[in-house]
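Trainee: Chain B: place on chain A using the hints.
Note that the protein sequences, when read in sequence, are chains A and B. Position 8 (the first sequence) corresponds to 8 in the working numbering; numbering is contiguous. Position 286 (the second sequence) corresponds to 358 in the working numbering; numbering is contiguous.
Incorrect hints may appear among the rest.
What the hints assert, rightly or not - With a straight-line cut-off of 30 Å between C-alpha atoms, the simulated DSSO-like cross-links for lysine-lysine are:
{"no.": "1", "chain 1": "B", "residue 1": "Lys317", "chain 2": "A", "residue 2": "Lys26"}
{"no.": "2", "chain 1": "B", "residue 1": "Lys89", "chain 2": "B", "residue 2": "Lys477"}
{"no.": "3", "chain 1": "B", "residue 1": "Lys409", "chain 2": "B", "residue 2": "Lys89"}
{"no.": "4", "chain 1": "B", "residue 1": "Lys89", "chain 2": "A", "residue 2": "Lys26"}
{"no.": "5", "chain 1": "B", "residue 1": "Lys317", "chain 2": "B", "residue 2": "Lys477"}
{"no.": "6", "chain 1": "B", "residue 1": "Lys477", "chain 2": "A", "residue 2": "Lys26"}
{"no.": "7", "chain 1": "B", "residue 1": "Lys408", "chain 2": "B", "residue 2": "Lys317"}
{"no.": "8", "chain 1": "A", "residue 1": "Lys26", "chain 2": "B", "residue 2": "Lys409"}
{"no.": "9", "chain 1": "B", "residue 1": "Lys89", "chain 2": "A", "residue 2": "Lys11"}
{"no.": "10", "chain 1": "A", "residue 1": "Lys26", "chain 2": "B", "residue 2": "Lys408"}
{"no.": "11", "chain 1": "A", "residue 1": "Lys11", "chain 2": "B", "residue 2": "Lys317"}
{"no.": "12", "chain 1": "B", "residue 1": "Lys477", "chain 2": "B", "residue 2": "Lys177"}
{"no.": "13", "chain 1": "B", "residue 1": "Lys317", "chain 2": "B", "residue 2": "Lys89"}
{"no.": "14", "chain 1": "A", "residue 1": "Lys26", "chain 2": "B", "residue 2": "Lys208"}
{"no.": "15", "chain 1": "B", "residue 1": "Lys177", "chain 2": "B", "residue 2": "Lys408"}
As the list claims (entries may be wrong) - Over the 12 Å line for every Cβ pair with chain A, so calculated as not near, a few chain B residues:
{"no.": "16", "residue": "Glu133"}
{"no.": "17", "residue": "Phe192"}
{"no.": "18", "residue": "Val242"}
{"no.": "19", "residue": "Leu251"}
{"no.": "20", "residue": "Asp353"}
{"no.": "21", "residue": "Val364"}
It should be emphasised that the hints constitute simulated quantities derived from the structure, not laboratory data. Note that CB positions come from ideal geometry on N, CA and C, so glycine has one too.
Spelled out from the first residue to the last, the chains are:
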Amino acid sequence: MATTQTNYSQKLFKVVHPLDDQPEEKCRAEGIGPLLMTRGVRISLMVLRAYLTAMTLMLIYHVLDLSGILGK
Amino acid sequence: MIRFEAITAPDATAPSKGVVVRRSWQRQLLTFLMVAGPGLIVMEADNDAGAVSTYMQAGAEYGLRLLWIMLVLLPITYFVQEMVARLGIATGQGHAAMIYKRFGKWWGRFSLIDLLFVNFLTLITEFAAMSLAMSKMGISPRIGVPCAAVGLMVLVITGSYLRWERTVIVLCLIDVVWLVLAFMAHPAWGTVVYNTVVPGFPPGRIDANLVFMVIAMVGTTIAPWQLFFQQSCVAEKRLRFSDLKWARLDTLFGAIFTVVVAGAMIIVGDYGLRHGLHFEDPAQLAMALAPVAGNLFRNAILLLMINAAVLGTTAISLASAWAYGEVQGWPHSLHKKLWEAPGFYAVYLLCVLAAAAIVLIPGVPLQLVIVSVQVFAGLMLPSAIVFLQLLLNDRALLGDEWVNKHWNNRVNWTIIAVLFALSLLLAIQVFFPRLFG
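One chain only, chain A, in its complex shape:
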């Protein structure tokens, strides 16, 4: 944040560190309701679920394989 002054002859700038500056209003999640489930959001979360399911199944297979339960 910069502060400036024109005092007839000279322009001065005051630079304030973020930690020393006034707090500013931020974008708040409170009071705006849940995330809007647009088609894009729904598809993204569906793909993510499919990916995580595939990874989990591979992990289970790998553990069973290592333990010898699959008979190899």
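Mentor: Relative to the frame of chain A, chain B by itself:
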């Protein structure tokens, strides 16, 4: 968004602290220096012990041929972290908190638990690297590792974010020594430049090992904890909307610095290859290079390994502590004293102490830890990055000014698709190694 005020007649709400300068360029430089930190730290801390090992291995196996990958990764890592910085500035909150608030408890808990788990496993590898480098320097890990853990704890409990930030920036800048080592290695600079700008693979060596080296380099450069860390760090530093352009510059500078340092590590690995040296880890290479390059070279590599592990440890532990504190609603700030934010500091201290203690247990299965890091990072990164992308398209939260532009989305969805594919490929390789011969 710049606010102008008269110095001679400040209003009651004007901040009393500040530095007065005469010229516009001085104001811009000073503002940048005040804002810079999170971007550089998140990028350079990612050159942690695992990264040192991966990049040096890449140089030792394929010479300078894979340098171009770092150039490709530069814009990718910048685009991802720029989104994080923008979201942190716009909301003033961390990534874990935003996932909880916008996607609900299930996704929030999944992200948090996965993050804590993969971070903890990564911490074990950081301390393992410290232990290895210390033992090669003749320092007993039983003394050196606890000392490092205590130092890492003291670093955060001073109640000053700025003290922590300045110390960590100094540690980041120590990595400039990698560039000195790269010069000392006397590579053919023409070849370095050629391999950096012209993509290609070693002829006749395109096999599974090469594919997974490429995946490892990508995975090392973009890690899940980075998303959580930088957003929390930006919130902690209370960056303002007007700071965004400087935060972007900080992130870009951090990305360039990190990629250049990573390139230097590849050159040092290539130095070993040119001398016919084979090694399993960077400490071994350092020892093998001593007769060729001297003890200074050896000690520099070992000290830089420790530095990389220390940087990684403090950033990753903080990412965990911030995320857990945000979700629990605890006070979670380095501005607070130990007794003012006991839960936040407890998570940090617990992460550091437990990881250090595990490394000191004889016969700990480090290979299993490394494989687990790969698996859980593979789970974590695509999900964290999808949430990031969706949050940056949340118009209800961010308004029109801060959401992604169309070109942002096109670039980011491409990056996400590539990361998904690479993570899946890595997981398949870990789970079914026989498939790849």
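Trainee: Compare the structure with each hint and give your call.
Mentor: So, going through the hints one by one against the coordinates:
1. B:Lys317 x A:Lys26: Holds, at roughly 17 Å.
2. B:Lys89 x B:Lys477: The given pair, whose Cα atoms are some 36 Å apart, is violated under the 30 Å limit.
3. B:Lys409 x B:Lys89: Measuring from Cα to Cα gives roughly 22 Å; hence the hint holds.
4. B:Lys89 x A:Lys26: At roughly 22 Å apart (the allowed maximum being 30 Å), Lys26 (chain A) and Lys89 (chain B) satisfy the hint.
5. B:Lys317 x B:Lys477: Since the Cα atoms of Lys317 (chain B) and Lys477 (chain B) sit roughly 16 Å apart, the hinted pair holds (cutoff 30 Å).
6. B:Lys477 x A:Lys26: This hinted pair holds, its Cα atoms lying about 20 Å apart.
7. B:Lys408 x B:Lys317: Within the cut-off at roughly 28 Å; holds.
8. A:Lys26 x B:Lys409: It holds: about 25 Å lies between the C-alpha atoms, which stays within 30 Å.
9. B:Lys89 x A:Lys11: 19 Å, holds
10. A:Lys26 x B:Lys408: Judged against 30 Å, a Cα distance of about 22 Å means the pair holds.
11. A:Lys11 x B:Lys317: Holds, at roughly 23 Å.
12. B:Lys477 x B:Lys177: 28 Å, holds
13. B:Lys317 x B:Lys89: 22 Å, holds
14. A:Lys26 x B:Lys208: Roughly 50 Å between the alpha carbons, so the hint for Lys26 (chain A) and Lys208 (chain B) is violated.
15. B:Lys177 x B:Lys408: Roughly 27 Å between the alpha carbons, so the hint for Lys177 (chain B) and Lys408 (chain B) holds.
16. Glu133: 26 Å, holds
17. Phe192: Answer for Phe192 (chain B): holds, closest chain A Cβ roughly 18 Å.
18. Val242: 19 Å, holds
19. Leu251: Non-interface label on Leu251 (chain B) holds, nearest chain A Cβ at 30 Å vs cutoff 12 Å.
20. Asp353: Correct as stated: the minimum Cβ-Cβ distance to chain A is 25 Å, above 12 Å.
21. Val364: 41 Å, holds
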